[in-house]
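Asks: Protein sequences appear in the order of chains G and S.
Start counting the first sequence at 402; every next residue gets the next number (our numbering).
Start counting the second sequence at 8; every next residue gets the next number (our numbering).
It should be emphasised that the hints constitute simulated quantities derived from the structure, not laboratory data.
Where is the CB? At the ideal position from N, CA and C, for every residue including glycine.
One thing to keep in mind: the hints can contain errors.
[As the list claims (entries may be wrong)] Taking lysine-lysine pairs in the BS3-like style, the calculated list, with each CA pair at most 27 Å apart, reads:
(1) G:K446 <-> S:K56
(2) S:K56 <-> S:K96
(3) G:K683 <-> G:K746
(4) G:K454 <-> S:K56
(5) S:K487 <-> S:K523
(6) S:K56 <-> G:K683
(7) S:K96 <-> G:K446
(8) G:K453 <-> S:K523
(9) S:K320 <-> S:K555
[Unchecked claim] Each pair of labels, with its calculated beta carbon distance range:
(10) G:E680 <-> S:V60: 19 to 27 Å
(11) S:V60 <-> G:G805: 43 to 51 Å
(12) S:N24 <-> G:I679: 46 to 54 Å
(13) G:Y542 <-> S:N44: 50 to 58 Å
[Claimed, not checked] Some chain S residues near chain G, calculated using beta-carbon distances under 7 Å:
(14) Y64
(15) Q78
(16) G79
(17) P80
(18) Q82
(19) E119
(20) A120
(21) D393
The primary structure of each chain is shown beneath.
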Amino acid sequence: MTTELLLSIVIPVLGGLLLIILLVYGLSMLLQHLRQSYQLTGFQKQELSYLKKRFDRLSPEQTEKANRMKWAWQGHRKFKICNKVLEAETICSFYLAPHDERPLPPFQPGQFLTFELQVSGQSKPVIRCYSLSDAPTHPEYYRVTIKRIPPPPKDPDKPPGVGSGYFHNQLRIDDIIDVKAPSGNFYLDTQSDAPVVLIGGGIGITPVLSMANYLADNGSRREVWFFYGVSNGLEHIQKEHLNTLEEIPNFHVRVCYSDPLDTDIKGEDFQVSARVSIELLKQELGVNNYQFYICGPPPMMNALTSDLAAWGVPESDVHSEAFGPASVKKEAVAAVEGVQIQFSKCGRSLSWDGSHPNLLTFGEDNGIGLPSGCRAGNCGECMVALRSGKVTYVGPHSATIESGSFLTCCSIPDGAITIDA
Amino acid sequence: MDFNNYGFDQSSYERPNCKYHCGRSRLWQHSCWQGPNASGECGGTSECKPTKVGDRYQCTRPSHSGGPCGQGPHQDGRCCQQRSPCIPKRSLRTWRGHISLLVLLFIIALIEAFSGFSGFSDSEGRPYAAMSDAGPLSAAHANEHCGSCHQAHKNTGLAWLTSAFSDHDLTDGCLSCHRFEGNARSAHQSEYPDHEPKVTELQCISCHSEHAGQNTDIKQAAAATCSNCHEAALHLTREITDFVGSHPDFSGNYPYEIPQSIYFDHKRHVGEYFVEDKWTSKPNRDAEFAALAAEACTTCHESAGATRAVTPKTFEAMCSSCHQQQIHDRPLIVMTLEEPMPILIALAAATGNELDDEELALGTIKQMKDYSLEPLMNMTGDASADLWAGLSPVEVKVAAEAWAQEEDVELPMPEMQQEAGWHTGENDDGDQSLFYRASTHTDPLIRAWIEHFVSRVKSSSDEELRGSMAEALDSLLDAKEGAGACGKCHASGIRNALLEDSKGKTLWGYQTQETKIHTPFAHGPHINLSCDSCHQFAKDVDFARYFKNQDTKPSEFKSAFMPIEKQMCSECHRSTRKTVQLGDQSRDLPIQQRWKASDSKAGPNPKLISDNCLTCHVYHGKMQDPSGFMQKHVILGRAKPTTEVTAP
Numbered sequence: 402m403t404t405e406l407l408l409s410i411v412i413p414v415l416g417g418l419l420l421i422i423l424l425v426y427g428l429s430m431l432l433q434h435l436r437q438s439y440q441l442t443g444f445q446k447q448e449l450s451y452l453k454k455r456f457d458r459l460s461p462e463q464t465e466k467a468n469r470m471k472w473a474w475q476g477h478r479k480f481k482i483c484n485k486v487l488e489a490e491t492i493c494s495f496y497l498a499p500h501d502e503r504p505l506p507p508f509q510p511g512q513f514l515t516f517e518l519q520v521s522g523q524s525k526p527v528i529r530c531y532s533l534s535d536a537p538t539h540p541e542y543y544r545v546t547i548k549r550i551p552p553p554p555k556d557p558d559k560p561p562g563v564g565s566g567y568f569h570n571q572l573r574i575d576d577i578i579d580v581k582a583p584s585g586n587f588y589l590d591t592q593s594d595a596p597v598v599l600i601g602g603g604i605g606i607t608p609v610l611s612m613a614n615y616l617a618d619n620g621s622r623r624e625v626w627f628f629y630g631v632s633n634g635l636e637h638i639q640k641e642h643l644n645t646l647e648e649i650p651n652f653h654v655r656v657c658y659s660d661p662l663d664t665d666i667k668g669e670d671f672q673v674s675a676r677v678s679i680e681l682l683k684q685e686l687g688v689n690n691y692q693f694y695i696c697g698p699p700p701m702m703n704a705l706t707s708d709l710a711a712w713g714v715p716e717s718d719v720h721s722e723a724f725g726p727a728s729v730k731k732e733a734v735a736a737v738e739g740v741q742i743q744f745s746k747c748g749r750s751l752s753w754d755g756s757h758p759n760l761l762t763f764g765e766d767n768g769i770g771l772p773s774g775c776r777a778g779n780c781g782e783c784m785v786a787l788r789s790g791k792v793t794y795v796g797p798h799s800a801t802i803e804s805g806s807f808l809t810c811c812s813i814p815d816g817a818i819t820i821d822a
Numbered sequence: 008m009d010f011n012n013y014g015f016d017q018s019s020y021e022r023p024n025c026k027y028h029c030g031r032s033r034l035w036q037h038s039c040w041q042g043p044n045a046s047g048e049c050g051g052t053s054e055c056k057p058t059k060v061g062d063r064y065q066c067t068r069p070s071h072s073g074g075p076c077g078q079g080p081h082q083d084g085r086c087c088q089q090r091s092p093c094i095p096k097r098s099l100r101t102w103r104g105h106i107s108l109l110v111l112l113f114i115i116a117l118i119e120a121f122s123g124f125s126g127f128s129d130s131e132g133r134p135y136a137a138m139s140d141a142g143p144l145s146a147a148h149a150n151e152h153c154g155s156c157h158q159a160h161k162n163t164g165l166a167w168l169t170s171a172f173s174d175h176d177l178t179d180g181c182l183s184c185h186r187f188e189g190n191a192r193s194a195h196q197s198e199y200p201d202h203e204p205k206v207t208e209l210q211c212i213s214c215h216s217e218h219a220g221q222n223t224d225i226k227q228a229a230a231a232t233c234s235n236c237h238e239a240a241l242h243l244t245r246e247i248t249d250f251v252g253s254h255p256d257f258s259g260n261y262p263y264e265i266p267q268s269i270y271f272d273h274k275r276h277v278g279e280y281f282v283e284d285k286w287t288s289k290p291n292r293d294a295e296f297a298a299l300a301a302e303a304c305t306t307c308h309e310s311a312g313a314t315r316a317v318t319p320k321t322f323e324a325m326c327s328s329c330h331q332q333q334i335h336d337r338p339l340i341v342m343t344l345e346e347p348m349p350i351l352i353a354l355a356a357a358t359g360n361e362l363d364d365e366e367l368a369l370g371t372i373k374q375m376k377d378y379s380l381e382p383l384m385n386m387t388g389d390a391s392a393d394l395w396a397g398l399s400p401v402e403v404k405v406a407a408e409a410w411a412q413e414e415d416v417e418l419p420m421p422e423m424q425q426e427a428g429w430h431t432g433e434n435d436d437g438d439q440s441l442f443y444r445a446s447t448h449t450d451p452l453i454r455a456w457i458e459h460f461v462s463r464v465k466s467s468s469d470e471e472l473r474g475s476m477a478e479a480l481d482s483l484l485d486a487k488e489g490a491g492a493c494g495k496c497h498a499s500g501i502r503n504a505l506l507e508d509s510k511g512k513t514l515w516g517y518q519t520q521e522t523k524i525h526t527p528f529a530h531g532p533h534i535n536l537s538c539d540s541c542h543q544f545a546k547d548v549d550f551a552r553y554f555k556n557q558d559t560k561p562s563e564f565k566s567a568f569m570p571i572e573k574q575m576c577s578e579c580h581r582s583t584r585k586t587v588q589l590g591d592q593s594r595d596l597p598i599q600q601r602w603k604a605s606d607s608k609a610g611p612n613p614k615l616i617s618d619n620c621l622t623c624h625v626y627h628g629k630m631q632d633p634s635g636f637m638q639k640h641v642i643l644g645r646a647k648p649t650t651e652v653t654a655p
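Could you put the whole structure together from the sequences, leaning on the hints where they help?
Replies: Right under this line is the structure:
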């Protein structure tokens with residue numbers, strides 16, 4: 402009887418509790434459903450926000466592109482030296498403002514300017530290409546940083562660099578020079594969010610410094626490694642600026658002295674007392690999922706590009722700037738010896754002996770006046786018409802080549818050819 | 008057939024292991040290739056899950072989604088194609104499962120919460136039926152409550168729950184009041200050894216429907232209900248719907264399948280002795296008998312209270328006026344000096360004596376002279392008291408001494424020989440004998456003698472002895488000379504009792520036709536019809552052959568009446584039918600219609616009569632005490648004194 406009485410009380414109470422729990426649970430499910438509906442709206446907003454962010458990121462680029470198209474100029478434009486800053490003993494930055502005071506077109510970080518210098522003592526204008534060393538986030542000026550090229554150490558009797566010497570020794574503030582619009586295919590992919598490794602060797606820092614500044618100025622969250630290789634503190638430029646970059650969380654700056662002076666303090670002036678090498682990259686990076694941008698002297702670039710390929714980095718992930726003659730030789734092309742090179746204007750016919758790296762030096766050594774510029778396939782100054790035959794390019798070139806013409810500075814004959822020169 | 012249509016990524020089948028769908032499906036019109044994980048979290052926050060090979064993370068985006076991307080993974084192993092996570096949605100199957108579970112639990116909770124509260128019950132603890140009212144009960148069960156039938160559920164929520172997991176049925180509740188002989192769950196509470204499949208798990212609700220209102224006759228069942236089993240059992244090709252169209256023909260001799268136990272020739276009595284002209288074709292009938300003869304069937308048959316059998320009245324009421332004297336005139340002669348009687352021969356054989364007929368009689372007489380009744384009683388053993396009741400030892404001694412001296416027994420008063428009782432001396436044939444004269448019908452001594460020899464014939468294993476006994480019985484049952492003229496009417500009944508399959512058959516009384524427990528025809532409702540509407544004399548039938556010729560088998564018996572055929576019943580039992588919805592069952596009920604004048608052969612009953620199966624058949628042939636049953640009053644959850652009420 403007691404059990405029955407107990408059950409008659411307990412069962413209804415349990416049933417009532419269960420009913421309450423179920424009602425609460427049902428209500429919570431309803432609320433959860435409503436919340437999910439709301440979250441779905443939030444999710445749609447999130448998707449829209451993501452798209453908007455992408456749009457916002459693309460929008461300035463589109464604006465830049467539009468401005469670039471709008472303010473671009475053909476041929477030469479007069480620029481005034483508005484400032485001149487000595488970065489190191491042999492390195493100086495020149496700030497260029499348009500003489501016509503019209504707005505400057507933005508450029509891609511890593512591109513260069515092509516100067517046509519009227520150097521006294523030179524029979525024709527000297528064509529030189531110098532990378533823009535600052536970010537395109539400063540619309541009021543362009544900056545190029547130029548190292549004064551001394552005579553080759555092995556041959557001190559040879560003259561120093563004509564172009565760099567002209568900049569360092571002759572150009573003064575308010576001087577006016579002729580400049581072509583920014584060009585070059587070695588520039589940062591600003592639309593990507595891939596992590597980047599920027600490697601600058603010596604004065605090769607300039608394009609990668611422009612890239613780093615661009616990323617820093619735009620507050621990019623991309624992982625950025627900046628390797629700067631120089632001999633010692635005497636060539637170390639932008640030290641304070643690089644220290645500022647180092648303070649950005651996603652920036653990692655490594656300054657490498659290959660031959661530090663006694664006065665150079667490791668840990669303060671530099672971090673690594675060695676050249677920029679693949680071992681250093683492996684040690685610092687760990688993995689190689691980066692976009693590599695390399696600019697430096699030919700030995701360093703040749704070594705790094707081959708070592709990166711050996712490390713498993715796809716060729717598409719390695720971007721290098723070729724400056725100066727034979728900057729980067731990716732593969733050796735053996736031209737057929739004995740083929741006839743016909744120069745139609747001067748009426749000479751020469752036999753290709755295979756001892757010259759390109760047709761430009763072949764012509765110059767044989768006394769034939771060929772135009773020349775950067776000698777690295779970038780400026781297009783050496784472009785001449787090809788009347789017959791074919792040529793093979795032996796190095797990278799970024800200049801736009803017109804149909805029926807070719808760049809003499811980076812090509813060799815592929816059989817008998819006739820050149821309009 | 009393209010089986011790819013049924014692939015896991017092609018088919019729309021809701022797989023049990025995929026409880027969530029991609030939240031982007033609606034926006035993208037398709038799911039991302041990763042899909043949500045089992046916990047319902049978005050699995051597509053990036054295009055791939057890069058793997059590290061050496062010092063490089065490799066893109067793992069599958070080819071069906073575009074293959075490895077151009078940019079490749081980030082330096083920290085992240086995919087370069089990051090997406091904001093979606094909010095996966097539960098699959099329809101999951102929703103269904105949740106809702107089903109909730110509904111189930113909700114119902115359980117409702118039952119638990121409300122069925123047990125006293126506040127939801129009446130003063131006697133009966134729960135208000137608002138939640139579970141299946142409809143009003145029939146008048147027969149109007150005073151019952153739910154727990155009377157639904158005993159497993161009672162009225163508590165706990166019982167409701169436990170009942171779902173217990174083996175019970177409503178029949179238990181029915182059987183607590185209604186009692187049946189045999190297995191109540193077997194078809195007709197009977198066993199049918201030759202019937203397959205065995206029907207032993209029937210439920211009362213298979214035929215009886217409750218909760219259809221007070222006006223419902225719960226005892227009724229539609230023909231379709233019977234048809235469920237009998238359609239196959241009767242080899243019918245269509246459902247049983249009505250009597251005329253569905254019922255099989257009656258058996259050939261219905262209802263006269265078995266021979267009568269008493270030889271009574273209706274045709275002869277009516278034709279020769281009855282008074283009115285309509286009964287007889289014999290113009291010069293005996294006026295003496297005609298004055299005593301019956302005037303109608305009911306003169307002899309007791310119609311009041313007739314059921315299947317309309318039993319005849321007693322011998323004294325019907326037959327004695329003509330046949331009483333025959334009983335008196337035919338004495339039981341045990342022995343004579345002139346001719347040894349088969350009775351005495353059989354009795355002597357039973358004692359092991361092998362005397363010839365003459366020696367037997369003389370030897371017995373000599374013994375009787377010396378020992379009075381003792382020699383006679385030695386021959387009849389335990390039955391002596393019944394067989395020799397009233398026989399005077401003195402009279403036997405005197406007769407024996409006279410017969411031993413080869414003298415006739417001197418009769419003190421010759422007229423006394425005509426009185427009932429034992430006598431010694433000269434009988435009606437002039438022989439000196441020991442004989443008994445019956446006093447009236449059902450004379451106990453003659454019955455004892457006949458039954459004694461019936462018993463000895465059945466029990467004798469000795470063929471010779473059995474023959475002697477049978478010969479003695481035949482002499483007793485001789486139609487013309489048998490003792491008390493018993494054999495004139497009862498011989499066939501008594502001989503039937505000697506057959507091997509005679510168990511239960513009567514020796515003397517009127518035996519009705521074989522009882523059909525499921526077809527208890529009742530004469531009562533038909534009493535307004537004249538008897539000859541159904542019972543008509545058969546022409547050219549040798550009715551007496553069976554009774555007069557001992558070699559005739561019971562199966563060869565031919566009734567003096569013509570068999571009753573189905574057509575005879577369907578004259579009245581036919582109807583148009585209408586399907587009526589009763590509760591949740593549809594029933595096929597007849598519509599009573601007035602009999603058209605042109606068709607009328609029904610006499611005083613102007614209506615068509617129901618031809619429902621249960622009009623003539625009774626399902627429960629073995630119901631204990633059909634007039635009443637134990638009625639229990641069980642109040643749900645509360646014990647109340649149990650009373651047994653037997654209906655008057």
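Asks: Are the hints correct? Go through all of them and say.
Replies: Quick rundown of the hints versus the structure:
{"no.": "1", "hint": "G:K446 <-> S:K56", "in the structure": "holds (26 Å)"}
{"no.": "2", "hint": "S:K56 <-> S:K96", "in the structure": "holds (23 Å)"}
{"no.": "3", "hint": "G:K683 <-> G:K746", "in the structure": "violated (54 Å)"}
{"no.": "4", "hint": "G:K454 <-> S:K56", "in the structure": "holds (24 Å)"}
{"no.": "5", "hint": "S:K487 <-> S:K523", "in the structure": "violated (36 Å)"}
{"no.": "6", "hint": "S:K56 <-> G:K683", "in the structure": "holds (23 Å)"}
{"no.": "7", "hint": "S:K96 <-> G:K446", "in the structure": "holds (17 Å)"}
{"no.": "8", "hint": "G:K453 <-> S:K523", "in the structure": "violated (95 Å)"}
{"no.": "9", "hint": "S:K320 <-> S:K555", "in the structure": "holds (24 Å)"}
{"no.": "10", "hint": "G:E680 <-> S:V60: 19 to 27 Å", "in the structure": "holds (20 Å)"}
{"no.": "11", "hint": "S:V60 <-> G:G805: 43 to 51 Å", "in the structure": "holds (46 Å)"}
{"no.": "12", "hint": "S:N24 <-> G:I679: 46 to 54 Å", "in the structure": "holds (48 Å)"}
{"no.": "13", "hint": "G:Y542 <-> S:N44: 50 to 58 Å", "in the structure": "holds (54 Å)"}
{"no.": "14", "hint": "Y64", "in the structure": "holds (5 Å)"}
{"no.": "15", "hint": "Q78", "in the structure": "holds (5 Å)"}
{"no.": "16", "hint": "G79", "in the structure": "holds (6 Å)"}
{"no.": "17", "hint": "P80", "in the structure": "holds (5 Å)"}
{"no.": "18", "hint": "Q82", "in the structure": "holds (5 Å)"}
{"no.": "19", "hint": "E119", "in the structure": "holds (2 Å)"}
{"no.": "20", "hint": "A120", "in the structure": "holds (4 Å)"}
{"no.": "21", "hint": "D393", "in the structure": "violated (65 Å)"}
Of the numbered hints given earlier, the model fails hints 3, 5, 8 and 21; all others are met.
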